[in-house]
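*Asks:* Quick note, the sequences are listed as chains A and B, same order. Once you know that position 133 of the first sequence is 133 in the working numbering, the rest is easy, because the numbers rise by one and skip nothing. Once you know that position 159 of the second sequence is 159 in the working numbering, the rest is easy, because the numbers rise by one and skip nothing.
Fair warning: there could be bad hints in the mix.
What the hints assert, rightly or not - Cross-link-like lysine to aspartate or glutamate pairs, in silico, EDC-like; alpha carbons within 20 Å at most:
no.	chain 1	residue 1	chain 2	residue 2
1	A	Lys104	B	Glu302
2	A	Lys6	A	Glu36
3	B	Lys75	A	Asp299
Claimed, not checked - Example chain B residues on the side facing chain A (calculated, C-beta under 8 Å, incomplete):
no.	residue
4	Asp78
5	Glu82
6	Lys104
7	Tyr107
8	Lys108
9	Ile109
10	Lys269
11	Leu273
12	Leu274
13	Asp299
14	Gly301
15	Glu302
16	Ala303
By construction, these hints were calculated from the structure, which means they are not laboratory data. Glycine included, every Cβ here is placed at the ideal spot set by N, Cα and C.
2 protein chains.
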Amino acid sequence: MKISCKKNELLDNLQKIEGAVGVKTTLPVLNNFLIETIENKLHLTATDLELTIKCSVSENINIIDGGAITIPAKKFIDIVRELPDSDITIDVNEKNNITVKCEKIIYKIMGLPKSEYPPLLEQKKETVNFKVNKALLKEMIKKTIFAVSLDDTRKILTGVLLVVENNEMKMVGTDGHRLAFIKSAVGKTENTKIIIPTKVLNELQKFLKEDEDNVEVLVYENQITFKFDNLVITSRLIDGQYPSYEQIINRIFDKKVKVNTEILTKAVKRVSLLAIDKASAIKIKASEGKLLINATTADVGEAEEEVAADYKGEEMTIAFNAKYVADVLKVVGTEEVEIQLRDTMSAGLVRAPGAENYLYIIMPVRI
Amino acid sequence: MKISCKKNELLDNLQKIEGAVGVKTTLPVLNNFLIETIENKLHLTATDLELTIKCSVSENINIIDGGAITIPAKKFIDIVRELPDSDITIDVNEKNNITVKCEKIIYKIMGLPKSEYPPLLEQKKETVNFKVNKALLKEMIKKTIFAVSLDDTRKILTGVLLVVENNEMKMVGTDGHRLAFIKSAVGKTENTKIIIPTKVLNELQKFLKEDEDNVEVLVYENQITFKFDNLVITSRLIDGQYPSYEQIINRIFDKKVKVNTEILTKAVKRVSLLAIDKASAIKIKASEGKLLINATTADVGEAEEEVAADYKGEEMTIAFNAKYVADVLKVVGTEEVEIQLRDTMSAGLVRAPGAENYLYIIMPVRI
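Required output: the full structure, derived from the provided sequences and hints.
*Replies:* Okay, structure coming up:
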């Protein structure tokens with residue numbers, strides 16, 4: 001195999017697939033990128049067997065001799081990153097020795113043959129196939145992914161639920177203490193209900209540009225594929241029964257508070273400096289026209305801040321984990337935020353004022 | 001005690017003393033800042049008993065009631081950082097409870113009385129007292145500190161040697177494999193030869209502005225004090241006999257290479273990607289008009305880059321630890337750098353072309 005390409009073009013595309021390279025893998029070849037020529041394109045692939053990212057490059061590529069090789073991923077991307085902004089020639093001999101040349105620099109690196117690379121899953125016919133706007137999918141991921149569990153003991157909660165039904169696409173993230181739900185209309189397609197690992201969603205977040213184009217989403221029996229730009233990203237799904245969330249998001253709240261998002265964000269951050277107990281609890285006391293936010297840590301001290309709020313109901317106090325409140329304020333994206341409450345022992349709801357498509361439920365901390 | 005001050009003024013000054021707060025200390029009060037009013041000033045102190053930083057603040061301070069208190073340092077600086085850019089009132093009652101108020105925010109923090117704070121070393125009359133320009137001292141630290149040893153088993157090599165003799169000030173850093181030496185003229189003063197811990201030099205680097213003012217340096221029997229701006233920084237010295245360095249810096253070299261600093265820096269960085277053996281060795285082959293830099297790692301591959309150089313002597317090859325070369329190139333500060341060599345088994349010298357005041361010696365790696 002012999003090709004030449006532009007440094008920046010190659011680096012950009014290697015960075016897109018880098019996230020799928022195996023880290024703690026027992027199969028050494030998974031630490032490598034697969035580089036191969038297919039027709040007039042250069043195909044770059046990385047996989048850890050759970051997540052696979054393929055990228056095809058056709059611009060600024062000159063294929064002198066077709067072929068395929070795998071190359072140590074971390075080493076290769078470090079090399080390309082440090083090379084001058086110029087033409088790179090990659091030349092592979094029959095012993096899998098790779099020569100990388102750029103100006104007066106020569107690297108010789110040992111590769112492994114493509115035959116050692118695991119065959120990627122043959123995809124049967126997909127069960128669901130729909131298109132969704134890039135910016136919208138990015139927003140939906142951002143607004144749910146942060147709420148998933150980081151604890152591997154309940155594997156299903158470490159993923160984001162994707163539901164497609166009645167031409168609506170819904171995403172849910174929960175760790176059992178808080179839940180984020182978002183929905184949006186999509187074109188006509190079959191229904192599905194799957195749990196997607198966060199790893200692939202994190203990669204999507206990184207590389208989904210906020211343009212007008214669509215992502216093509218294909219759901220197979222045990223995997224999901226996202227196609228956009230020059231990328232094909234495939235992930236296995238998480239097996240299992242996701243907890244029922246409909247009841248949680250349909251709760252009725254009788255108290256509504258409206259408050260400036262930025263002011264509340266800062267107040268929560270400041271007060272939480274003194275919320276260093278296990279539950280990191282901050283108390284929120286709603287009374288006419290204001291919220292009083294308070295935290296106390298034994299032997300250290302306490303913090304209290306008053307925030308003006310649009311509230312007319314009866315006085316009530318509730319405590320939440322400070323991080324759970326701060327997390328949603330970071331993503332809600334509106335100047336004001338609406339908090340709905342019932343009583344001290346019941347969950348609270350956070351959303352953009354009046355918005356029905358996104359909501360966030362937090363369980364209270366007992367006080 | 002009751003004072004009020006501007007948030008930014010307080011934060012700036014707390015950040016200057018923060019580096020001296022004890023971290024792994026068995027004396028809890030060393031985790032605190034000492035805050036006291038002395039005449040019309042607010043004095044802020046932090047110490048880990050090795051390093052003490054005192055800062056006096058007289059601008060934008062309103063002392064309502066004089067006094068002293070110690071306050072948990074990390075917590076307090078986090079609080080001040082998050083407060084709005086406004087007036088802060090600090091009020092301490094007789095039970096050492098501290099109330100910090102700013103706009104509609106109230107913190108109550110438990111302090112410890114000044115009586116628990118260790119009495120800071122009484123300084124006898126200094127033995128040496130001289131002044132040095134801030135920017136110059138900063139440069140001298142920067143150009144030597146990186147060469148010291150990080151290995152605590154030879155304590156003396158973890159510090160920077162400061163020699164004052166014949167109206168010259170000299171600084172030396174070495175880890176036994178490379179040595180950095182810098183000198184500069186100072187005003188008339190007594191001679192001294194002391195070893196300064198890097199911790200205090202790192203703090204100086206952070207807060208020495210590059211203006212025309214001087215730093216006053218006072219050397220006592222077992223400590224050194226630096227006075228500048230509103231700061232008094234005192235550190236214990238490292239006890240022991242520093243190895244003799246004069247012979248090392250007076251070696252004779254018969255081969256001189258001149259090369260562009262930036263080009264060499266990039267080449268060393270690129271080639272060292274394949275220098276991942278224990279010694280991280282890169283081979284440098286000097287021949288007429290060029291350097292050929294090369295690294296090889298078994299089972300991985302090799303890298304080679306040619307760099308144009310001003311060299312006319314006989315061809316020779318020498319190997320250095322790549323990091324030792326990269327380190328000096330970062331600080332030398334000139335467009336070109338001069339490398340002086342003798343033979344494969346002898347040390348090499350790096351300096352700005354023709355400059356006598358700064359030089360750097362590297363021991364070769366056997367090849």
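*Asks:* Does each hint fit the structure? Answer for all of them.
*Replies:* Quick rundown of the hints versus the structure:
At roughly 14 Å between alpha-carbon atoms, lysine 104 of chain A and glutamate 302 of chain B fall within 20 Å of each other, so this suggested pair holds. Straight-line distance between C-alpha atoms of lysine 6 of chain A and glutamate 36 of chain A comes to about 16 Å, which keeps the hinted pair within the 20 Å bound. Simply put, lysine 75 of chain B and aspartate 299 of chain A have alpha-carbon atoms about 13 Å apart, close enough for the 20 Å limit, and the pair holds. Taken as an interface hint, aspartate 78 of chain B checks out: its beta carbon lies about 5 Å from the nearest beta carbon of chain A, inside 8 Å.
Taking 8 Å as the C-beta cut-off, the interface hint given for glutamate 82 of chain B holds, the closest approach to chain A being about 5 Å. The interface hint given for lysine 104 of chain B holds, since its Cβ lies 4 Å from the closest Cβ of chain A, which is under the 8 Å cut-off. At a threshold of 8 Å, the smallest CB-CB gap from tyrosine 107 of chain B to chain A is about 5 Å, leaving the interface hint in force. Checking lysine 108 of chain B against chain A by beta carbon gives a least distance of about 5 Å; that is within 8 Å, so the hint holds.
Given hint, isoleucine 109 of chain B at the interface with chain A, holds; its Cβ is 4 Å from that chain's nearest Cβ, closer than 8 Å. Among the interface hints, the one on lysine 269 of chain B holds; its C-beta lies about 6 Å from the nearest C-beta in chain A, closer than the 8 Å criterion. Below 8 Å, beta-carbon pairs count as interface contacts, and leucine 273 of chain B has one with chain A at about 5 Å; its hint therefore holds. For leucine 274 of chain B, the interface hint holds, the least distance from its beta-carbon to any beta-carbon of chain A being 7 Å, beneath 8 Å.
Given hint, aspartate 299 of chain B at the interface with chain A, holds; its Cβ is 7 Å from that chain's nearest Cβ, closer than 8 Å. The closest approach between the C-beta of glycine 301 of chain B and any C-beta of chain A is roughly 4 Å, which is under the 8 Å cut-off, so the hint is satisfied. The criterion of a C-beta within 8 Å of any C-beta in chain A is met by glutamate 302 of chain B, whose closest approach is roughly 5 Å, and the hint holds. A hinted interface residue such as alanine 303 of chain B counts as satisfied when its beta carbon comes closer than 8 Å to some beta carbon of chain A; here the least separation is about 5 Å, so the hint holds.
This entry satisfies every hint, going by the numbered hints stated previously.
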